[in-house]
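Colleague: Below, each chain spelled out in residue letters.
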Amino acid sequence: MAPEPPLLTMSGITKSFPGVRALDGVDLEVLAGEVHCLLGQNGAGKSTLIKVLAGAHQPDDGAITWRGEPVQLSSPIAAMRLGIATIYQELDLVEGLSVAENVFLGHEPTSAGFVVRTREARTTAAALLKRLGHPEIDPGRLVGDLSAAHQQIVSMARALSHDVRLIVMDEPSAALDPDEVDNLFRIVDGLTADGVAVVYISHRLEEIRRIGDRVTVLKDGRAVAVGLPAHSTPTNDIVAMMTGRNVEFVFPERPAAGARATAEPVLRVEGLCRKGEFEPVDLELMPGEIVGLAGLVGSGRSEILETVYGARKPTAGRVLVDGTPLRAGSVRAAVAAGIGLAPEERKAQALLLTESVTRNVSISTLSRFARGGWLDRGAERAAARTATRELSLRPDNPDAAVRTLSGGNQQKAVLARWLLRGCRVLLLDEPTRGVDVGARAELYAVIRRLADEGLAVLLVSSEVPEVLGLADRVLVLREGRVVHTADARELDEHRVLDLVMEGSPTS
Amino acid sequence: MTQPAPSAQHQGPEKGTATGPVAAPPSKQGGGPRAFGLRADVRNLSLLGVLAVLAVVGGITEPDAFLDTGNLQLILTQSSVIGVVTVGMTLVIIGGGIDLSVGAMVALASVWATTLATQDFGFAGILFTAVIVGLAAGLVNGVLIAYGRMVPFIATLAMLASARGLALLITDGKTQIVTVQSVLDLGLPDSYVLGIPPLVLGFAAVTVVGWLILNRTTFGRRTVAIGGNAEAARLAGIDVRRQRLYLYLLSGVCCGIAAFMLIILSGSGQNTNGNLYELDAIAAAIIGGTLLSGGRGTIVGSVLGVLVFTTITNIFALNNLQSDVQQIAKGAIIVAAVLVQHRTLRGGET
Chain U
1 MAPEPPLLTM SGITKSFPGV RALDGVDLEV LAGEVHCLLG QNGAGKSTLI
51 KVLAGAHQPD DGAITWRGEP VQLSSPIAAM RLGIATIYQE LDLVEGLSVA
101 ENVFLGHEPT SAGFVVRTRE ARTTAAALLK RLGHPEIDPG RLVGDLSAAH
151 QQIVSMARAL SHDVRLIVMD EPSAALDPDE VDNLFRIVDG LTADGVAVVY
201 ISHRLEEIRR IGDRVTVLKD GRAVAVGLPA HSTPTNDIVA MMTGRNVEFV
251 FPERPAAGAR ATAEPVLRVE GLCRKGEFEP VDLELMPGEI VGLAGLVGSG
301 RSEILETVYG ARKPTAGRVL VDGTPLRAGS VRAAVAAGIG LAPEERKAQA
351 LLLTESVTRN VSISTLSRFA RGGWLDRGAE RAAARTATRE LSLRPDNPDA
401 AVRTLSGGNQ QKAVLARWLL RGCRVLLLDE PTRGVDVGAR AELYAVIRRL
451 ADEGLAVLLV SSEVPEVLGL ADRVLVLREG RVVHTADARE LDEHRVLDLV
501 MEGSPTS
Chain F
1001 MTQPAPSAQH QGPEKGTATG PVAAPPSKQG GGPRAFGLRA DVRNLSLLGV
1051 LAVLAVVGGI TEPDAFLDTG NLQLILTQSS VIGVVTVGMT LVIIGGGIDL
1101 SVGAMVALAS VWATTLATQD FGFAGILFTA VIVGLAAGLV NGVLIAYGRM
1151 VPFIATLAML ASARGLALLI TDGKTQIVTV QSVLDLGLPD SYVLGIPPLV
1201 LGFAAVTVVG WLILNRTTFG RRTVAIGGNA EAARLAGIDV RRQRLYLYLL
1251 SGVCCGIAAF MLIILSGSGQ NTNGNLYELD AIAAAIIGGT LLSGGRGTIV
1301 GSVLGVLVFT TITNIFALNN LQSDVQQIAK GAIIVAAVLV QHRTLRGGET
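Residue numbers (our numbering), protein chains in the order written: chain U, 1 to 507; chain F, 1001 to 1350.
Calculated directly from the structure, the hints in this document are not laboratory data.
One thing to keep in mind: the hints can contain errors.
To be verified - Below, simulated SDA-like cross-link-like pairs (lysine to any residue); rule was C-alpha separation at most 25 Å, straight line:
{"id": "1", "chain 1": "U", "residue 1": "Lys-313", "chain 2": "F", "residue 2": "Lys-1330"}
{"id": "2", "chain 1": "U", "residue 1": "Lys-313", "chain 2": "F", "residue 2": "Val-1143"}
{"id": "3", "chain 1": "F", "residue 1": "Lys-1330", "chain 2": "F", "residue 2": "Leu-1291"}
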């Protein structure tokens, strides 16, 4: 008997987006009946790769073979027809439809081509749910009424409702309790016993040890290791492969810390907590200091930042600026006290895309240019221009629509807004997301210069080197808890990744 | 029965000759200023072009009736009431909302201001009551939407129903005749200033104030911000809810002013006043270039939109075309305007 060809082979997959090369020649080989784990840091290209596999993205270059035959995954439907199903991290269910309707959405069993055979759909759905270990889920219930864990089961039932040979699971355990994770693993075991292959994405190394057969590690859009044995490869080696960069980031020099030691903290966070998002966190920020929060997506980084800013209401704890506590859950109180936020989703949360640079910069400071509500547009424009010039925003045109700027310059427009406001604490959430590598060094220099001028900066980034290179002090988060606090110079990327993935508390 | 037929036949060939200029002016005016990147101005210029074409059509089909001073005064007067409502509506839509209750608020304000008890207080009593009733209804809308977190569509739909009901309750379905002479005088030719009716002056004043609010004040800037990106506005420290409240108050006040104008015009208050004003105002704002999703729009565009609609209605009436034809034409114009809007937006993004 000739050796069976691999179920799926992807070779030299390349995919570029404006400004980013997300995949740079990735290889992946998946065998029938195996659990193949995909590892990599945020931005390593995992999401793009599984979207290519699901037919949602078209690769610029590279070849895909399926059971020995070259194929093109030209659309999600094409991928589904071959037997590739994807369960995304954000569940893609229709909340207003029933469980059975969701399972068969787009391929309902029909009579005469258009009459849905409801009863058949329900019985088939019930059988699938039973196979997944959840016979208690009623196929007639609305998906919106189910718990997150049950919704995930429905998602899986939908995947299995096709004649599936490969299931991609994107961090399926992220939203689950430990015993639900056990059930998930039972399901995965059952699938592989039937010869179905599973591509499993998770940040939790212990899960990969438990159910993984082989591991592919991605870094900066490349596969640095293909098909390693999941059980025997030392953790050290895996982490080492995920870390280290080809692109050298240039970070500005840190000033001597001596001057800051005597100063009073400008921002103090005392026991701040939000149930289910992060546990009580204490934090002090000196003028001129940059403090970084490192952690994975879902570790509570952004939630902490937004709670400090008042955009989320804390369940306990308080935020003090210059020793004065702020009204909890009020953005306006935070802004009035001198806190500014550059949010993670710049376009959705910070910018008026069709409006001019001037109007975007002045939006938080309007009353300063107004008398009795009447705007002095000359003063507004001049002040906004001073701020954007200080950050060398390009193009130097106050009337340019923000939409036309590059990512880096859009971020500068947001920073200019708070510079103009004269804020004293700057909260930065993923400040270089969507910013070209070349423009990042410039942003780093701007952030450090603002700190040198006395601003206190709280920085969140999923890029560990960025946190380590830019911050003075680093708090490492894992699942909503600060597991380590240290001077940035005492940490390296390897150590931080160990902490965020294994979470051995040392502090 | 015989008259409409010949006039309709009569119109056929002349409409044909008019299509030449129809195509020409907008394209000519569209090409020039676009080079300066002033898209809102291009839109407004093309609306002016449409008005010019309409004037030509009116002048050709009914030269004597259309160009008569009295008719031009009539067009402007008829534009005034709905125009004032549209200015308020435009600000609400730019702020990311919608106000379906404007017609009902006009009705309620007009009947409350013309009850016998109110008329006892004379001119000031009527004006004051109309504005206060509009303000109060706007306050209810604003509080429900801004602080009760209701969807604007639903909250103002509820106001539409209840304000109409209350207006019917007050009047018992009867027309309330106004006997205050100083109010009625404002509708008579003797009160015209340099040939311009006072109502038109009022409309012009509201337009100027609306333009100043939108373009020269922090209020206007914040309106654009909450309509363009409410989350970004909130995170920038703007009090989004208070801003929303103010916008519905403003729309209510505009309806109060419009109700007072309607009282002058009709010499009465009726619970059927302002019927379908919400649709007319929204339509005028949309063909004036206001984005229904908020964040973009101009007062000038909306006012031109109102003038276009009123002029079309006028020309159709002069040509003895029934209101069914008018309605069809209105619908066609809205579709054409929105298609043009999509095209300009798309052109701007590339």
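Colleague: So, against the hints stated earlier in the document, which numbers end up violated here?
Modeller: Of the numbered hints, just 1 does not hold.
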